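S.K.: Here are the chains, one letter per residue:
There are 2 protein chains.
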Amino acid sequence: MLNFTMSLPTEVCFGKDSIDKLAEYINKFNGKRILLAYGGGSIIKNGIYDKITAILNANGIFYKELSDIKPNPDISSVRDGVKIIREHELDFILAAGGGSVIDACKGMAAGAVYDGDPWDFYLRKAKLTGTPLPVGVILTLAATGSETNWGSIVSNAKTERKLPFRHELLRPKFAVLDPCFTYSVPAYHTAAGIVDIMAHVFEQYFSPTDGAFLSDRLSEAVMKTVIHYAPAVMADPENYEARANILWAGTLALNQILTYGKMTDWATHMIEHEVSAIYDISHGAGLAILFPNWMRFALDEDTQPKFVEYSKNVWGVSADGKTGFEVAHEGIDRTTEFFKSLNMPLTLTEAGIDGSRFDEMAEKAVAFGDLGSFRKLGKNDVLEILIMSL
Amino acid sequence: MLNFTMSLPTEVCFGKDSIDKLAEYINKFNGKRILLAYGGGSIIKNGIYDKITAILNANGIFYKELSDIKPNPDISSVRDGVKIIREHELDFILAAGGGSVIDACKGMAAGAVYDGDPWDFYLRKAKLTGTPLPVGVILTLAATGSETNWGSIVSNAKTERKLPFRHELLRPKFAVLDPCFTYSVPAYHTAAGIVDIMAHVFEQYFSPTDGAFLSDRLSEAVMKTVIHYAPAVMADPENYEARANILWAGTLALNQILTYGKMTDWATHMIEHEVSAIYDISHGAGLAILFPNWMRFALDEDTQPKFVEYSKNVWGVSADGKTGFEVAHEGIDRTTEFFKSLNMPLTLTEAGIDGSRFDEMAEKAVAFGDLGSFRKLGKNDVLEILIMSL
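If you read the sequences in order, they're chains A and B.
The numbering used here puts the first sequence at residues 1 to 390.
The numbering used here puts the second sequence at residues 1 to 390.
Treat the hints as calculated values from the structure; they're not laboratory data.
Some clues are possibly wrong.
No distinction is drawn between identical chains; accordingly, a pair holds when it is met within one copy or between any pair of copies.
[As the list claims (entries may be wrong)] Below 30 Å or equal to it, Euclidean Cα-Cα: the simulated DSS-like pairs (lysine-lysine) are:
hint : residue 1 : residue 2
1    : K173      : K28
2    : K127      : K173
3    : K158      : K127
4    : K16       : K45
These figures come from a predicted structure and were not determined experimentally.
Next up, chain A with everything else stripped away, as it sits in the complex (with noise of 0.2 Å):
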């Protein structure tokens, strides 16, 4: 078990009509003129945003409006962010979506303190030296975890490059999780979101470090949450109980809760960047294609008891009769099965991607180094699980 600093100051209001406390959280953080920034419109039609709105305008919070944020956001939609933060002198970014929205803002949010272009900051040529501007969330999709963590991951199509930034001060200082406003999430959506949440915990509980017991127990414990809701929640997307568990969930795997005492790994969502980075296609999905192959490439002699353990305490996968790489393989086939319960694509073809351009983001992936702790991957590991994705 490794040394670790925990702090968790994100205020978390969990819970149907949660949002009625917007104002006072808004005005506990000194929120006196808003970005209100917001996706394609999803947040329109299913009235979130009427609310929003009627809560600013009620208590008088002056607003202004950041629209589009796309899926994979752009640093454009950053740089757009920035620009009406200083036209407007605004001090707050109130940021109503899923994880793209929010990745977004936290990029305005630091942005918004640099005299540079804030894509500096994704490509490390710049640190972050100030303040960054308060975010608060209100969040409608359960995938990202960015809704109290420090992570912002942001796409420059010009450069077809999707790179990370992380500062502990880009954590939002509230988030507003109301499970009734996933609702409306579409079924391909909720099904990316729970691939990306089981991916989330596999890149912490397939770590190198031997003896974060706890942590490895806590990480099992958000994964069985997880394949316990899922055909509960695609079957019937307004059944609270099964929507509150694994937005919780969604949270709960990504706020550092389940890394305390261990390396990580993340060389799976490094190669998913690269992926989705280029061609159109949802991050979850990209997972749900690229995880079950990593696990096949990363199962050896030395690795073959986590994925045993994998198996057995979330599967109930029996070990009765069967040698280590038996159990260790069942525990990958089911994976692969509950991706496919959720109709996500399980091979890069299907997602309408060829080989063609497979090198090119092999060389980008390794570009800061080799990836991953638990399976160190030079570029032909890359390229290695990239062609088993075909």
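Position chain B relative to chain A; hints supplied.
M.R.: Just chain B, lined up with the frame of chain A:
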């Protein structure tokens, strides 16, 4: 799943040599003139006192000391602390110890900004209105959870009361958790701490709330960790991995992460407080006696499924060919056996306590109303549990 808010601002610094950051943390929270509070002197014997004072001296931090805070801390210690704080105009409290020291320090933190007697807070005669003094913690015992939570439990020897006082502002600012600092904890106190951790989880796990699936799985993760490492830590007190996992389990067992979305019970704790308010028994030993009996008392047709869940998920009890009650009893019996394996007393008689004051204890236990939520307990129910525990 019920609505909830989450805020875990305490900064935890976990791991070997994490005390090296002490001055940095004190500085971060503007500690200039410090009250260093501790217990009966074990920190002097094991060298932790020297480490702390060396850091304070090296950094020119002014401090005064309050020692000899007893287990089941008495309100007189809290009053003494407030007096020293006022006399020397101290602005920060550093609690070096386990739950008793931390709880007493929280009482001082509130008492320092209140004109009346700090016992008023525990009697619910006064409400905290000012901002209490900041508290930092050097934890030396895996048990309490008080290092990151909002509660303080203090006794009054004169009136034979032991009462809780809770306030969000009582959460410590930081907590230094070094597993090595728990190496010298004697076997009896290590065992009592393990029982205390299990009991904290029980109070949250056995809940009338349906559908807080994830919180229940997280509770099981903590219980499984404690059960897994208890034999190792009893056999080898300097087993870092075991000490680390149990220490971290103790914090997560009572920082609210297991409570979110649920009603909690706390009846058994309230009963135990009446026992240890009168008799000289450690909190953990009292809980080891009372909890299995509470379980047997609480088990009925309605509550049986929850006990079955406990037996299967925590103890791996097989349900094959058994009735629900049989499975439930097996889990309860395993609990008793576990406490027995830790050499904890299993009856009040064994702990030198007879039934002569049961009526008075039961009366006091329900002084603020019926106890519990999983199973509501009136005075006669408390009496019955006490008699079962003889």
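S.K.: Run every hint past the structure and note whether it holds.
M.R.: Here is what the structure says about each hint:
1. In this assembly of identical chains, the alpha carbons of K173 and K28 lie at most 30 Å apart whether taken from the same copy (9 Å) or from different copies (19 Å).
2. Within a single copy, K127 and K173 get their C-alpha atoms as close as 21 Å, and across copies as close as 27 Å, so both meet the 30 Å cut-off.
3. Taking CA atoms no more than 30 Å apart as the test, K158 paired with K127 passes inside one copy only; the shortest distance there is 23 Å, against 59 Å between copies.
4. Taking the shortest alpha-carbon separations for K16 and K45, only the intra-copy value of 19 Å comes in at or below 30 Å, while the best inter-copy value is 53 Å.
Every hint, counting from the list given before, is met by this structure.
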